[in-house]
Amino acid sequence: MNNEITGAEIVLKSLAEQGVEVVFGYPGGAVLPIYDTLFKQNSIKHILVRQEGGAIHAAEGYARSTGKTGVVLVTSGPGATNVVTGLTDAMMDSVPIVCITGQVPQHLIGSDAFQECDTTGITRPCTKHNYLVKDVNKLSSVFHEAFTIAQNGRPGPVLIDIPKDVQFASGTYEEKNKIIIPSHRLFEPSPDFEKNKIEEAVELISQAKKPIFYIGGGCINSGPKASQLVREFINMVGSPVTMTLMGLGVVGSSDKNSLGMLGMHGMYEANMAMHECDVMINIGARFDDRVTGRLDAFSPNSKKIHIDIDESNINKTINVDIPIIGDVKQVVEKMISIWKDKKYKIHTDSLKLWWDKINKWKEVDCLNYNNEGKQIKPQHAVQRLYELTKNTKTFITTEVGQHQMWAAQFYKFEEPNRWLTSGGLGTMGYGFPAAIGAQVGHPDALVVDIAGDASILMNIQEMSTAVQYRLPVKIFILNNEYMGMVRQWQELLHGGRYSESYTDSLPDFVKLAESYKAVGLRAKTSDELDDVITQMIETKNTVIADIWVTKEENCFPMIQSGSAHNEMMLSKDQKQDKKSAEKGKILV
Amino acid sequence: MNKSVYASPDQVSETKRHILTVLVDNEPGVLARVIGMFSGRGYNIDSLNVAEVSNDENISRITIVTHGTSEVVSQIEKQLLRIVPVHSVTNLDQEGSSVEAEVALVYIYISDTNKKKVYQLCDLYRARKIENENNTTIFEIAGASERVNRFIKEINEITKVEIVRSGPVAISSIQKNEEE
Numbered sequence: 001m002n003n004e005i006t007g008a009e010i011v012l013k014s015l016a017e018q019g020v021e022v023v024f025g026y027p028g029g030a031v032l033p034i035y036d037t038l039f040k041q042n043s044i045k046h047i048l049v050r051q052e053g054g055a056i057h058a059a060e061g062y063a064r065s066t067g068k069t070g071v072v073l074v075t076s077g078p079g080a081t082n083v084v085t086g087l088t089d090a091m092m093d094s095v096p097i098v099c100i101t102g103q104v105p106q107h108l109i110g111s112d113a114f115q116e117c118d119t120t121g122i123t124r125p126c127t128k129h130n131y132l133v134k135d136v137n138k139l140s141s142v143f144h145e146a147f148t149i150a151q152n153g154r155p156g157p158v159l160i161d162i163p164k165d166v167q168f169a170s171g172t173y174e175e176k177n178k179i180i181i182p183s184h185r186l187f188e189p190s191p192d193f194e195k196n197k198i199e200e201a202v203e204l205i206s207q208a209k210k211p212i213f214y215i216g217g218g219c220i221n222s223g224p225k226a227s228q229l230v231r232e233f234i235n236m237v238g239s240p241v242t243m244t245l246m247g248l249g250v251v252g253s254s255d256k257n258s259l260g261m262l263g264m265h266g267m268y269e270a271n272m273a274m275h276e277c278d279v280m281i282n283i284g285a286r287f288d289d290r291v292t293g294r295l296d297a298f299s300p301n302s303k304k305i306h307i308d309i310d311e312s313n314i315n316k317t318i319n320v321d322i323p324i325i326g327d328v329k330q331v332v333e334k335m336i337s338i339w340k341d342k343k344y345k346i347h348t349d350s351l352k353l354w355w356d357k358i359n360k361w362k363e364v365d366c367l368n369y370n371n372e373g374k375q376i377k378p379q380h381a382v383q384r385l386y387e388l389t390k391n392t393k394t395f396i397t398t399e400v401g402q403h404q405m406w407a408a409q410f411y412k413f414e415e416p417n418r419w420l421t422s423g424g425l426g427t428m429g430y431g432f433p434a435a436i437g438a439q440v441g442h443p444d445a446l447v448v449d450i451a452g453d454a455s456i457l458m459n460i461q462e463m464s465t466a467v468q469y470r471l472p473v474k475i476f477i478l479n480n481e482y483m484g485m486v487r488q489w490q491e492l493l494h495g496g497r498y499s500e501s502y503t504d505s506l507p508d509f510v511k512l513a514e515s516y517k518a519v520g521l522r523a524k525t526s527d528e529l530d531d532v533i534t535q536m537i538e539t540k541n542t543v544i545a546d547i548w549v550t551k552e553e554n555c556f557p558m559i560q561s562g563s564a565h566n567e568m569m570l571s572k573d574q575k576q577d578k579k580s581a582e583k584g585k586i587l588v
Numbered sequence: 001m002n003k004s005v006y007a008s009p010d011q012v013s014e015t016k017r018h019i020l021t022v023l024v025d026n027e028p029g030v031l032a033r034v035i036g037m038f039s040g041r042g043y044n045i046d047s048l049n050v051a052e053v054s055n056d057e058n059i060s061r062i063t064i065v066t067h068g069t070s071e072v073v074s075q076i077e078k079q080l081l082r083i084v085p086v087h088s089v090t091n092l093d094q095e096g097s098s099v100e101a102e103v104a105l106v107y108i109y110i111s112d113t114n115k116k117k118v119y120q121l122c123d124l125y126r127a128r129k130i131e132n133e134n135n136t137t138i139f140e141i142a143g144a145s146e147r148v149n150r151f152i153k154e155i156n157e158i159t160k161v162e163i164v165r166s167g168p169v170a171i172s173s174i175q176k177n178e179e180e
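As given, the protein sequences belong to chains V and B, one line each in that order.
First residue of the first sequence: 1, per our numbering; consecutive thereafter.
First residue of the second sequence: 1, per our numbering; consecutive thereafter.
Treat the hints as calculated values from the structure; they're not laboratory data.
The structure displayed is predicted, hence computed values, not measured ones.
Note that the Cβ used here is the ideal one computed from N, Cα and C, for glycine as well.
Errors might be hidden in some of the hints.
As the list claims (entries may be wrong) - Below, in silico cross-link-like pairs of lysine to any residue (SDA-like), each with a Cα-Cα straight-line distance of 25 Å or less:
hint : chain 1 : residue 1 : chain 2 : residue 2
1    : V       : LYS209    : V       : ASN301
2    : B       : LYS78     : V       : LYS209
3    : B       : LYS176    : V       : LYS197
Stated by the list, open to error - Covered stretches of chain V, as calculated for chain B (at least 3 residues, CB under 8 Å):
hint : stretch
4    : 120-133
5    : 312-320
As the list claims (entries may be wrong) - Residues from chain B that face chain V, not an exhaustive set, calculated with beta carbons under 10 Å:
hint : residue
6    : LEU23
7    : ALA32
8    : ARG33
9    : GLU52
10   : ASP56
11   : GLY68
12   : GLU71
13   : SER74
14   : GLN79
15   : ARG82
16   : ILE83
17   : PRO85
18   : VAL86
19   : HIS87
20   : SER88
21   : ALA101
Could you build the full structure based on these sequences and the hints that come with them?
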């Protein structure tokens, strides 16, 4: 019996066996055989985007909101090069993605054929791993390995480049459980991994007088159970906790131990606590430069514990005392059991003194802003959005810039996987397609992209996608007619010379929405804001809400580049000393 | 430690030469992955050597000579281990003892006046003359890089030469049990 099928059929069969429900893509010459096979089946849904860059951000949004692997299907040449930004974004933020690209037939590879590019060469540094599949009989094993690698250890994007002749060729399909992946290609910690270091770490925590937990996106990648365990452990210790931009939601905003976000635009109390702590417990964060500020003044008097699944993050920028390599869920579970077994308890009096100090810092009220006047303050807009959506199952995505930081500061997250933002790469244009992906994964939830007027234009073409699939995504534009964060840096560091940061000739966003047969709303003054937000939520259609906010608002607090955690700027009037401002200017 | 402008100024550890030996699956693109990591992250490759070492298992050994502070080299090792087809990374300088060798082929411009000196020097360094169909003077010298350097310096003082060097390969000299 001949049980051979075509390469294109193997692709679809592999996806089905991996449990893939949806693929984000855009057809083209070199993937036509796969699209033809897609046409003949019903189990996998395809979302047609309007530019490949949108497909991969949508897959990222889908992956981060559902915990599943996002799948992208694009053609050779420009199809492949258009996903490079998204692959890099997924690499930086550890998002599991499998990206399938078509390639010209093998006999044309290297001949500068139409729509040919060296896809595996171009994407090598921006994928966890990639493949050029030349043998149709290896196609299924490559797919199964790719899905495993994308999810295993520190997740990331994997790309599979398939020449057109391989898609047409016949070969045999191998099932997932028949594929053996050699252990060196994966990260598999044994149960007793790092046992001694974990014991040492728990003992150190128990002796702390001024502990702080510093939580990152790794806790979210480790699954919802990890967030639960982290909350449980922090509660047992009674320690304050701060989260990175990627870690928001691991511990609820309303949790009594939470100090909110830390870093460049983080909370004053969080950064001060990081600076003065005596034991720092980093769980799934990587001492990013947006978090640490000036390295030689970073938390100078603390012992540092660092739990990370990626060993290369250990001592990369900050030297730590106890590194623990492993999955957050497993490590924290062990920490909890050791804490219980040994009946550890932090010294109550010193913990109280520590909290007293922190509560003093809280009194600074660092997010305070002047909310007078008829014009809408961007911070106020996000606060109202939060108040009016907090009782609904809501996913928030963002683009990149001031609005992103205001969203992180003023929208309160109580659960993991509800907050999708481009952290590492800082990709403008991420939020809207990511919202599309999140809505595909959660058809009944409210999905809001908090956007800026500049960022939203970077992937505005996806309006067409959202409307085609009846995805009721809400775009909430904080419109100040500026690239706000660029303008802010120009104001603070470049003498107020607003070089090219004003966006002239913005579209009329209401009419723009209407031209796509979506709904456009606008709020020009504070008294219109609540009505617009309520109407936006209640509309069962794609909505653009154009919120006109004050144009020259700055995002504070702020640690300027080159400064330390205890040198925060709380307002514009508080100028940084000139020397360190000059030094900081060369940093990003 | 990274070399970014954020790096703390108090790093004091000195820059040293290190030999890394990397076992990899012999699959397409694996060398590009390894050297791309070096160029992409701003590390140095002083020399590089690749060859398949076991036919049946399809494994290649890459020997890389690099230099950097111990922090930089430790980061290089960890970044190499992230690459999917990499089996293992060994820093031979940390292993304690290892032996290294490289091969150089030297084309020597020879004349009646320098002939005697050249042969004497080659003899001293145990460089071996390689017979070839054009009957030109080509010598092969093998050994530690230092020795090859000295030979080249001295032969250069006598006459004009053309040189090709393999760059060092190295192996740990620590006793191992056969089962391992």
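The hints, checked one at a time:
no.	hint	result
1	V:LYS209 - V:ASN301	12 Å, holds
2	B:LYS78 - V:LYS209	33 Å, violated
3	B:LYS176 - V:LYS197	28 Å, violated
4	120-133	holds (count 8)
5	312-320	holds (count 5)
6	LEU23	9 Å, holds
7	ALA32	6 Å, holds
8	ARG33	6 Å, holds
9	GLU52	17 Å, violated
10	ASP56	14 Å, violated
11	GLY68	14 Å, violated
12	GLU71	7 Å, holds
13	SER74	7 Å, holds
14	GLN79	5 Å, holds
15	ARG82	6 Å, holds
16	ILE83	8 Å, holds
17	PRO85	7 Å, holds
18	VAL86	7 Å, holds
19	HIS87	5 Å, holds
20	SER88	7 Å, holds
21	ALA101	27 Å, violated
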